[in-house]
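Place chain F with the ligands on chain G using the hints.
Listed in order, the protein sequences are those of chains G and F.
Quick note: the first sequence, position 56, residue 1405 per the working numbering, numbers continuous.
Quick note: the second sequence, position 18, residue 81 per the working numbering, numbers continuous.
Treat the hints as calculated values from the structure; they're not laboratory data.
Be aware that one or more of the hints could be misleading.
Stated by the list, open to error - Here are the simulated SDA-like cross-link-like pairs (lysine to any residue), alpha carbons at most 25 Å apart as the crow flies:
#1 F:172 / G:1483
#2 G:1397 / F:115
#3 G:1394 / F:249
#4 G:1397 / F:138
#5 F:142 / G:1396
#6 G:1394 / G:1407
#7 F:246 / F:104
#8 G:1506 / G:1418
#9 G:1561 / F:206
#10 G:1506 / G:1546
#11 F:297 / F:91
#12 F:138 / G:1467
#13 F:175 / G:1486
#14 F:138 / G:1391
#15 F:138 / G:1390
#16 F:249 / F:300
#17 F:175 / G:1482
#18 F:138 / G:1481
#19 G:1394 / F:146
#20 G:1394 / F:135
Said to hold, decoys possible - Cβ-Cβ distance ranges computed for the label pairs, FRET-style:
#21 F:309 / G:1405: 33 to 43 Å
#22 G:1482 / F:86: 32 to 42 Å
#23 F:179 / G:1566: 20 to 30 Å
Every residue, glycine too, gets a C-beta built ideally from N, C-alpha and C.
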Amino acid sequence: MFNLLFEQGNIPYLLKGAYLTLQLTLIALFVGFFIGLAVAVVRLKGPKPLQILAQFYVSIIRGTPILVQIFIVYYGLPDIGVSFSPFMAACIVLSINVSAYLSETFRGAILAVPRGQWEAAASLGLSPWQVMRRVVLPQAARIAIPPMGNTAIGMLKETSLVSVVTATELLRSAQLLVAQYYVALPFYLAIAMMYWIMSISFTAILNRVEAKLAKAY
Amino acid sequence: MIEITGLHKRYGKHEVLADINAKIDAGEIVVLIGPSGSGKSTLLRCLNGLEQPNGGSIRVGTTTWGADTPRRDMKQVLKQVRSRTGMVFQQFNLFPHMTVLENVIEAPKTVKGMTHDAAVAIAESLLAKVGLLDKRNEHPARLSGGQQQRVAIARALAMQPDIMLFDEPTSALDPELVGEVLKVMKSLADEGMTMIVVTHEMKFAREVANHVIFMSDGHIVEEGKPEHFFTAPKTERAQRFLRQLAQEE
Ligand SMILES: Nc1ncnc2c1ncn2[C@@H]1O[C@H](COP(=O)(O)OP(=O)(O)OP(=O)(O)O)[C@@H](O)[C@H]1O
Ligand SMILES: [Mg+2]
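Here chain G stands alone, though its shape is the one from the complex (with noise of 0.2 Å):
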C-alpha cells in the first residue's frame, strides 16, 4: 500500500502541493502583516470614525469561520460580477484573516510600550507619527514577535482550508491522488509529515529569531 506513495511523480506531485502551501502563508503573512500594522495604529491612534471602522473590521473577520468567508469570495462574489482564481481568493481570504489576528498582536504590543516611552519622545519634539515610528513600533516590533510566530504556524494550517475552492495546495494534491489510487492512509499521513515538517521549521526559525532579539539589548 505505501509502495503507491512512491510511485512515478507521487512525492513530486505533494512536494508541489506543499510548495503552494508555503507559496500561500508566506503571502497571507506578508500581506497580513501589513494591513494589520496599519489596522493596529488606526485602532489606537487614528481618528475616531476610523477606529470604530478597523474594530468592526477585525470583529467581523474574527467573528465569522474562514471557511465561510472562502465561499463568500469564491462563490459569492461572482453573483456581483467579481471572480477571482482559485490562488487569488485564497490568497485574499487569508490574507484578510491573518490581518485581523496580528492586528490584535500588535495593538496589544504597542500598548506593552511604557508610557514613558511616549512621552520622552514627545517631549523631545517627536511628532505623534515620528513616536510611533522612531521609538514606539520598534520596541513593540520585539514583543510581538513570539506571538506573530504562532499565527504563522496557524496559518501554514489553516491553508489547508482553501482546498475547498480546489486551490491545489498541500491537502487537496493528497485528495487528488487518494481519489485516483482509492487508498488514503499512505497520502495523508505523508501530508501530515510534510505539515509537521514545515511547522517545526517556522519554529525553528522563530526561535533563532527571538534568541537574536533577546540578546541585542
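Same frame as chain G, but now just chain F with the ligands:
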C-alpha cells in the same frame, strides 16, 4: 521666560492644580517641592504640553496657550514649546533599542533635520560634558541608573532648549549615584540654564536654587528664596513638611 496664569488641571472631579500663578525669569533655578500628590509633576507636564490644562494659560517664551487653544493650533504650540524645553524624567525613559549615542542624536536628526555628522558632533560634546563619551556605543540597559540619567540629560540638551524641566531626577537612584547626577545639574545651572527642578534633595535646593516653590494640594502655598524658606518657613503647612523631611533623613 515662563508665565503661568490661573492654571487649573482636573482629573475627573479631582482638582490637581487649582489656580497656579507663577513667573520664572531667564536664568532662574526654581525648585518645586511638596508632598506626594500635590501636583508637582502635573505642573511640569503642563509646561511641556504633556498635559492639557483645564483653565488658565501658560506662556513659554513667546508661545502662549491654554484650555481653550483650539486643537489645530496646539500642534504648532507643542512644536514650539518642546523645542524650547527639555524634560528629564524620574525613570530616565531612555530608548532601550538605541545606543547611548543614538538616543542623543535621535531628536536633532528626526525633529530638526540635522545631518548625522552635525548631530553626532553635538552629541559627543554633550556626552563628554556628562562624562559618558566612552559609553556612546552601549545600550542603556548596560548602564547604571546614574549613567542613564546623565544620558537622559544629554539627550534633552541636544535639542538646545532654553529651559530644562527635571521631575525628581534622582528619586529612582541608589543613594551613591545621586551625586553624579546632581553635579551635572549644578554645572548646567552654573552655565546659566533656566531650570525648574522637582526634588527633595534639600542640599541641592539650598545651594543651587534661587527660588523655591512649595506646593500642597494643587496650590502654591509658599514661595521665596531658599535661605528664607528652609530656615524660616512662614506657613504651618511648609513647616510641617520640612519637619517630616528632616525626620526621614
Ligand atoms: N493621569 C492621571 N489620572 C488621574 N489622576 C492623576 C493622573 N496623574 C496624576 N493624577 C493625580 O493627580 C495628583 C497629583 O499628581 P502629581 O503626579 O502631579 O503629584 P506629585 O506632586 O508629582 O507627586 P509625587 O511626589 O508623588 O510625584 C495625584 O493625586 C495623582 O493621583
Ligand atoms: Mg511627581
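Now for the hints, and whether the structure bears them out:
1. F:172 / G:1483: Between residue 172 of chain F and residue 1483 of chain G the Cα gap is close to 11 Å, so the pair holds against 25 Å.
2. G:1397 / F:115: 20 Å, holds
3. G:1394 / F:249: With a Cα-Cα distance of about 40 Å, the restraint between residue 1394 of chain G and residue 249 of chain F is violated, given a limit of 25 Å.
4. G:1397 / F:138: Holds. Residue 1397 of chain G to residue 138 of chain F sits at ~18 Å (cutoff 25 Å).
5. F:142 / G:1396: 21 Å, holds
6. G:1394 / G:1407: The given pair, whose Cα atoms are some 16 Å apart, holds under the 25 Å limit.
7. F:246 / F:104: The hint holds at about 22 Å.
8. G:1506 / G:1418: Roughly 16 Å between the alpha carbons, so the hint for residue 1506 of chain G and residue 1418 of chain G holds.
9. G:1561 / F:206: OK: residue 1561 of chain G and residue 206 of chain F at ~21 Å, within 25 Å.
10. G:1506 / G:1546: Within the cut-off at roughly 12 Å; holds.
11. F:297 / F:91: This hinted pair holds, its Cα atoms lying about 22 Å apart.
12. F:138 / G:1467: With a Cα-Cα distance of about 16 Å, the restraint between residue 138 of chain F and residue 1467 of chain G holds, given a limit of 25 Å.
13. F:175 / G:1486: 21 Å, holds
14. F:138 / G:1391: 19 Å, holds
15. F:138 / G:1390: Since the Cα atoms of residue 138 of chain F and residue 1390 of chain G sit roughly 20 Å apart, the hinted pair holds (cutoff 25 Å).
16. F:249 / F:300: Between residue 249 of chain F and residue 300 of chain F the Cα gap is close to 28 Å, so the pair fails against 25 Å, i.e. violated.
17. F:175 / G:1482: 16 Å, holds
18. F:138 / G:1481: Distance ~16 Å between residue 138 of chain F and residue 1481 of chain G Cα, so the pair holds.
19. G:1394 / F:146: 23 Å, holds
20. G:1394 / F:135: 16 Å, holds
21. F:309 / G:1405: 33 to 43 Å: Since residue 309 of chain F and residue 1405 of chain G have Cβ atoms about 59 Å apart, the given range 33 to 43 Å is violated.
22. G:1482 / F:86: 32 to 42 Å: The hint (32 to 42 Å, Cβ to Cβ) holds, given that residue 1482 of chain G and residue 86 of chain F are roughly 38 Å apart.
23. F:179 / G:1566: 20 to 30 Å: 21 Å, holds
In this structure, the earlier hints numbered 3, 16 and 21 are contradicted, and the remaining ones agree with it.
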